[in-house]
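S.K.: Chain residues, written in single-letter form:
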Amino acid sequence: MAGPEPDKTRSGRFLLPLVSSLLAASGCTLQQYPQSSLSPHSDYAWDIQRLLEAQVIWVVIIFMGVLLATLFILVRFRARPGAPDPQHVHGHTGLEIAWTIAPAVILTLVAVPTVETIYKTQSTPPPGSLHVRVIGHQWWWEFQYPELGVVTGSELHVPIGRTVAVDIESADVLHSFWFPVIGGKRDAVPGRVNHIAFKADTTGTFPGQCAELCGVSHANMRMKLVVSTPAEFEAWVAAQKLGPMTPDSTSLAGKGRQLFMASACVACHTISGVSAGVIGPNLTHVGSRSSIAGALYDNTPELLGQWLNNPPGRKPGSLMPNLGLTQDQVAALVAYLTSLK
Amino acid sequence: MATTAAALDAGVKTESGVWSWITTVDHKRVGFLYGTTALIFFLIGGVEALAIRIQLMRPDNHFVSPDFYNQLFTMHATTMIFMAVMPLSASFFNFMIPLMIGARDVAFPRLNAFSYWVFLLGCVFMNLSFVMGGAPDAGWFGYSNLTSKQFSPGHGVDFWAIGLQILGIASLAAAFNFIVTIINMRAPGMRLMRMPVFVWMTLVTSFLIILAFPVITVALVFLLFDRFVGTHFFIPQAGADPLLWQHLFWLFGHPEVYILILPAMGIVSEVLPTFSRKPLFGYPVVVYSGIFIGFMGWGVWSHHMFSVGLGPLADSFFALSTMLIAIPTGVKIFNWLGTMWGGRLELKTAMLFAVGFIILFTMGGLSGFMHASPPADLQQTDTYFVVAHIHYVLFGGAIMGIFAGIYYWFPKMTGRVLDERLGQIHFWLQLVAMNLTFFPMHFVGLLGMPRRVYTYGANLGFNEMNFWSTIGALLLAPAILVFVYNILVTLRSGRPAGNDPWGGGTLEWAIPSPPPPYNFGTVPEIKSLDPLWHKESREAALVANQVRGHIHMPPNSHWPAVSALGMSMLLSGMLFGWYVGIPGVILMLFGFYNWAFEPCH
Numbered sequence: 001m002a003g004p005e006p007d008k009t010r011s012g013r014f015l016l017p018l019v020s021s022l023l024a025a026s027g028c029t030l031q032q033y034p035q036s037s038l039s040p041h042s043d044y045a046w047d048i049q050r051l052l053e054a055q056v057i058w059v060v061i062i063f064m065g066v067l068l069a070t071l072f073i074l075v076r077f078r079a080r081p082g083a084p085d086p087q088h089v090h091g092h093t094g095l096e097i098a099w100t101i102a103p104a105v106i107l108t109l110v111a112v113p114t115v116e117t118i119y120k121t122q123s124t125p126p127p128g129s130l131h132v133r134v135i136g137h138q139w140w141w142e143f144q145y146p147e148l149g150v151v152t153g154s155e156l157h158v159p160i161g162r163t164v165a166v167d168i169e170s171a172d173v174l175h176s177f178w179f180p181v182i183g184g185k186r187d188a189v190p191g192r193v194n195h196i197a198f199k200a201d202t203t204g205t206f207p208g209q210c211a212e213l214c215g216v217s218h219a220n221m222r223m224k225l226v227v228s229t230p231a232e233f234e235a236w237v238a239a240q241k242l243g244p245m246t247p248d249s250t251s252l253a254g255k256g257r258q259l260f261m262a263s264a265c266v267a268c269h270t271i272s273g274v275s276a277g278v279i280g281p282n283l284t285h286v287g288s289r290s291s292i293a294g295a296l297y298d299n300t301p302e303l304l305g306q307w308l309n310n311p312p313g314r315k316p317g318s319l320m321p322n323l324g325l326t327q328d329q330v331a332a333l334v335a336y337l338t339s340l341k
Numbered sequence: 001m002a003t004t005a006a007a008l009d010a011g012v013k014t015e016s017g018v019w020s021w022i023t024t025v026d027h028k029r030v031g032f033l034y035g036t037t038a039l040i041f042f043l044i045g046g047v048e049a050l051a052i053r054i055q056l057m058r059p060d061n062h063f064v065s066p067d068f069y070n071q072l073f074t075m076h077a078t079t080m081i082f083m084a085v086m087p088l089s090a091s092f093f094n095f096m097i098p099l100m101i102g103a104r105d106v107a108f109p110r111l112n113a114f115s116y117w118v119f120l121l122g123c124v125f126m127n128l129s130f131v132m133g134g135a136p137d138a139g140w141f142g143y144s145n146l147t148s149k150q151f152s153p154g155h156g157v158d159f160w161a162i163g164l165q166i167l168g169i170a171s172l173a174a175a176f177n178f179i180v181t182i183i184n185m186r187a188p189g190m191r192l193m194r195m196p197v198f199v200w201m202t203l204v205t206s207f208l209i210i211l212a213f214p215v216i217t218v219a220l221v222f223l224l225f226d227r228f229v230g231t232h233f234f235i236p237q238a239g240a241d242p243l244l245w246q247h248l249f250w251l252f253g254h255p256e257v258y259i260l261i262l263p264a265m266g267i268v269s270e271v272l273p274t275f276s277r278k279p280l281f282g283y284p285v286v287v288y289s290g291i292f293i294g295f296m297g298w299g300v301w302s303h304h305m306f307s308v309g310l311g312p313l314a315d316s317f318f319a320l321s322t323m324l325i326a327i328p329t330g331v332k333i334f335n336w337l338g339t340m341w342g343g344r345l346e347l348k349t350a351m352l353f354a355v356g357f358i359i360l361f362t363m364g365g366l367s368g369f370m371h372a373s374p375p376a377d378l379q380q381t382d383t384y385f386v387v388a389h390i391h392y393v394l395f396g397g398a399i400m401g402i403f404a405g406i407y408y409w410f411p412k413m414t415g416r417v418l419d420e421r422l423g424q425i426h427f428w429l430q431l432v433a434m435n436l437t438f439f440p441m442h443f444v445g446l447l448g449m450p451r452r453v454y455t456y457g458a459n460l461g462f463n464e465m466n467f468w469s470t471i472g473a474l475l476l477a478p479a480i481l482v483f484v485y486n487i488l489v490t491l492r493s494g495r496p497a498g499n500d501p502w503g504g505g506t507l508e509w510a511i512p513s514p515p516p517p518y519n520f521g522t523v524p525e526i527k528s529l530d531p532l533w534h535k536e537s538r539e540a541a542l543v544a545n546q547v548r549g550h551i552h553m554p555p556n557s558h559w560p561a562v563s564a565l566g567m568s569m570l571l572s573g574m575l576f577g578w579y580v581g582i583p584g585v586i587l588m589l590f591g592f593y594n595w596a597f598e599p600c601h
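If you read the sequences in order, they're chains A and B.
Going by the working numbering, the first residue of the first sequence is number 1, and it counts up by one from there.
Going by the working numbering, the first residue of the second sequence is number 1, and it counts up by one from there.
Since the hints were made in silico from the structure, they are not lab data.
Mixed in with the good hints, there may be bad ones.
[Said to hold, decoys possible] No more than 20 Å apart at the CA atoms, straight line, and that leaves these computed lysine to any residue pairs for SDA-like:
(1) A:224 - A:254
(2) A:120 - B:458
(3) A:224 - A:132
(4) A:224 - B:585
(5) A:120 - B:314
(6) B:535 - A:89
(7) B:535 - B:313
(8) A:224 - B:459
(9) A:120 - B:459
(10) B:149 - A:191
(11) A:255 - A:241
(12) B:535 - A:85
(13) A:241 - A:274
(14) A:224 - B:451
(15) A:224 - B:458
(16) B:149 - A:90
(17) A:120 - B:309
(18) A:224 - B:311
(19) A:120 - B:194
(20) B:527 - A:89
(21) A:341 - A:330
(22) B:535 - A:87
(23) B:527 - A:132
[As the list claims (entries may be wrong)] Short derived list, chain B residues pointing at chain A, Cβ under 7 Å:
(24) 64
(25) 67
(26) 277
(27) 314
(28) 315
(29) 319
(30) 340
(31) 373
(32) 448
[What the hints assert, rightly or not] Derived coverage of chain B by chain A (criterion: at least 3 residues anywhere in the stretch with Cβ under 8 Å from a Cβ of chain A; other residues may be distant):
(33) 113 to 123
(34) 132 to 145
(35) 238 to 249
(36) 279 to 285
(37) 353 to 360
C-beta: ideal position from N, C-alpha, C; glycine also.
With these hints in hand, go ahead and build the complete structure from the sequences.
M.R.: Have a look at this one:
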C-alpha cells in the first residue's frame, strides 16, 4: 500500500492481530489489503472498529462455546451397544430462564455502546468543517467543494486532521459511498441528501468503490481518497482553482483543444471557459488526476488513448459512446487532456 | 402389495400414468411434485452459482459478460429462495403435515394442486426470460429506481415482477390451505400443545406468508404500474422517494427470511429427538420462541437499510429489535443441545445434517448479530461479509435442515431408506465444501470486497480467497451429485423402510411407508406429543392401520391445473400481449366454474 504507517499509538488491538494471524498461513499481512475495513484511518472508522472488536470477542466466545458443547455431546452421548434407553427428560425451567437471561445480558453489553456510537457518528459536524458534496453517477463519483469553488471527479482530496462533512447525493440511481479506511458506507439516494463526517488521521492514497448495485458497471465504479497535509491540500486547491491551460494552437494539444470544442465532448464535459456539459466528469484539471474512467485505469497517455478509442469497450455500459475517432484525433485529444494539469 | 389390497378394501383406487399426476389431489403426490420440481430448480440455481464463482475465480476474468453476471446473481437468489428452498419446505408441508396430525388429506385438496401448478408455471415463466431477451438483472431485491423503465429498459424486470406475482399466488393459496388444515383437521386428542414442532413451525410460516406476500404484491403492482402505465410510485424525478420500495420490500423480505428458516428449525426439532431417543427438551419453549421469532420478524426490516440514512433514532430502534430476536434464536439452539444431552445419539445421515444445522446456523446467527449493530453494519453491508452471513443462514441453515428432512422422511415418502454410506459421503463432502466456499467470504468482505461485482481489482488482496471460494463451490457440485445419485439408486434398489425405520415417536411412523392414499384406515386418538413412545398411546395410534369400511377420498380433478394455466396466462399476458392474456382470463374463469361445480364423488 502506498504510504501510511500503521498507527503505533493504538496498542492492544484485538481484531487486527486475529485477522492477520488467520491470514498469516498464506504469508499475507494487512498491508496487502488497501481497501480493508479493518484498518481504520479516521475518527469515524475507529469508533466503528472499537465496537466491532467488542462484538468479535463475544461472537468468538459464544461460537466456541456452542461448538465445543456440541462436540462434547456428540462424543459423550454417542450410542454404544447395550446402552440403556435414555431418561425421558422434558425440560428444566431453571435452565430455560438462565439461557434466556444470559444472551439478554450479553446483548445489553453490546447494545449500549452501539446506541452511543450511532449517536456519536451521526452528530452534527463541528463548525469549520470542510464541506464536500459527493454525487454518484452511473458509473463514477463527482466531488464538489462548494466553499472552495472546486469540482473534480473520482479522486477525493482532503486534509489530515480536519473534519470533512460530506453530503451524499445521486444523479440517477442508488449508489453507496464507501471508503473503508474512513468508516462506514452511506447510500446516495436520488432525491435525498445523506451525510457522513470524518477526520482523517493518516496521509496517503486509499481506494474505495460504490457498494450498491447500480447497473452493469457497478463493479467499475471506483474512486480514490487522497489524504494530504494541510499545506499540500491548500496547494492542490489553489491549482484546481486556476483556469485550464490553453495550449499553443499549432501544437498537437492545441489541435486536440479545437477537436474537443468541435465535437460531442462539449455536450457532456465541463472544461472551465471551454465547455459546460454536466453529464460526465469535469475535465478542467483532468491531467492532474492519477486515474481515469471512474478510477478504473491509471491516467497514462496510452490508457487514456485506449479509453477514448472505445469507452464502452473499456467500461461496459459506459454512457460515453464510441465517437469513432481516428488514431490522429485520439492522439490530439490525449495530448490536450494530459496538458490540463 | 398389502397397501394396495388395503386400498381396495377401502374403496380407493391407486392410479398411475402422467394424467393421474396432472389431475392428482393427493397431498402426498402433490408433495412429490413440489419436491421434484424444487430439486430441479435447486440444481439450476446451483449451476448459476457455479458460473458466478468461476467468473470470480480470478480478477478481471471474462467467463461471463458483466450484463449476464448481473442476470446470474439475480436469478441465483430468486431461484434458490422462491423456486428451491420455499417449495422444498412446501414439499414437506404437503407430504408430512396431514400424516403428522392424523388427517387423510389437506383441507382443500384441489386448491393444493392448484398451488403446485401455479408455482410450476411461475418458475417456467420466470426462466423463459433467459431465452426471451435477457433475465432479470436488478438483484433479487429489485431496488428502485434501477428497476424503472429509464434504467432497465429491457423486459428482465417485467419477467421478475410478474413471475414473483405468480409465485406469490401459489404461496398464498398453499399457506391458507395449511392454516385451515392444521387448525381444523387434527386427529382427536391432538391439542395445539401436542402438535409436533414441525407442524407448529408450518403454522407460523403459513401465517408469515399470508401477511408478508400481500406487502410484496402491492410493491410489485406499483412497480408494474410504473413500468407499464407510466405512474410514478418510485420515480424520484416526479417527487417519489425510492426508499418506499425498500421499506415495502423488506417488510416482506425479513419475514421471508423466517419463512425460509422456520420450517428447517421445525425439521431439526423432529430429527434430533428421534436420533437422541429422547423427547425434545423444553418443547413449549421451543414452540413459543418460534412464535416470538415470527412476531418479531415484523419489527426488524430496516436493519437491511442502515446505510440509507434513516437517522439515529430509527437506527437505534431497529438495532435493538434485531438484537432482541437473537434471544429466542439462542434459546432454540440451547434447547436442541439440551435434547441431545443425556441421549443415545445415533449419528445417521439425517442426524448429522441436523447437528450440522445447529453449528452452521449458529455461525450465521452470530455474523448476523455483528451487523445488527448499525455502525458495524455500515462497514459490512453490501460486502461479501453479508454474502457469507446469508449463506451460513440459508445454506448452512435452511438447506442443511431440508437435507436432514429429506434423509429423515424419504423412507416414509417412498418406502425405501436412502443409502447410509452415500449419505455420509454427501454430508461430509458438503460440510467441507460449504465451509471452504463461504468461510473466506467473511474475510474478503471485511477486507473490502463489495457484493454483486462481476470483477475486482487485482491489487486489493482479494485474489486468493476468491480462488478458494471457487474451489469450494466446485466441490459442492459433486456433493450434490452424490445426493442425486443416492436418490436414484435408492428408488431402484433401496432398503425397504417398513413403517418406522428410525423408531420415531410421532404419528407418521405409525402407518406404512409409503402411506396408503387415505393415510389412516381409522383416525386414531392422540394421547401425547410422541404417541409411539408410550405404551398406551402407541396402541391408540396403531389403530390407524385398521380399515373399517369405506373411506371417502376426493376424486382426481384436472380443473386446478386448467385454472392455474389460465391464471398464469392472464398474468403473463401483461408482457406477452392480449392474445395470451384474454384467452387466459377465459380459461381461468372456465376452470374455476367447473372446479366449483364439480361433483366431489
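S.K.: Give a verdict on every hint.
M.R.: Going down the list of hints, with the structure as the test:
| no. | hint | result |
| --- | --- | --- |
| 1 | A:224 - A:254 | violated (30 Å) |
| 2 | A:120 - B:458 | violated (36 Å) |
| 3 | A:224 - A:132 | holds (15 Å) |
| 4 | A:224 - B:585 | violated (56 Å) |
| 5 | A:120 - B:314 | holds (15 Å) |
| 6 | B:535 - A:89 | holds (17 Å) |
| 7 | B:535 - B:313 | violated (58 Å) |
| 8 | A:224 - B:459 | holds (14 Å) |
| 9 | A:120 - B:459 | violated (34 Å) |
| 10 | B:149 - A:191 | holds (18 Å) |
| 11 | A:255 - A:241 | violated (24 Å) |
| 12 | B:535 - A:85 | holds (15 Å) |
| 13 | A:241 - A:274 | holds (15 Å) |
| 14 | A:224 - B:451 | holds (19 Å) |
| 15 | A:224 - B:458 | holds (16 Å) |
| 16 | B:149 - A:90 | violated (58 Å) |
| 17 | A:120 - B:309 | holds (15 Å) |
| 18 | A:224 - B:311 | violated (27 Å) |
| 19 | A:120 - B:194 | violated (50 Å) |
| 20 | B:527 - A:89 | holds (18 Å) |
| 21 | A:341 - A:330 | holds (18 Å) |
| 22 | B:535 - A:87 | holds (16 Å) |
| 23 | B:527 - A:132 | violated (71 Å) |
| 24 | 64 | violated (12 Å) |
| 25 | 67 | holds (5 Å) |
| 26 | 277 | holds (5 Å) |
| 27 | 314 | violated (10 Å) |
| 28 | 315 | holds (5 Å) |
| 29 | 319 | holds (6 Å) |
| 30 | 340 | holds (5 Å) |
| 31 | 373 | holds (4 Å) |
| 32 | 448 | holds (3 Å) |
| 33 | 113 to 123 | violated (count 0) |
| 34 | 132 to 145 | holds (count 5) |
| 35 | 238 to 249 | holds (count 5) |
| 36 | 279 to 285 | holds (count 6) |
| 37 | 353 to 360 | holds (count 3) |
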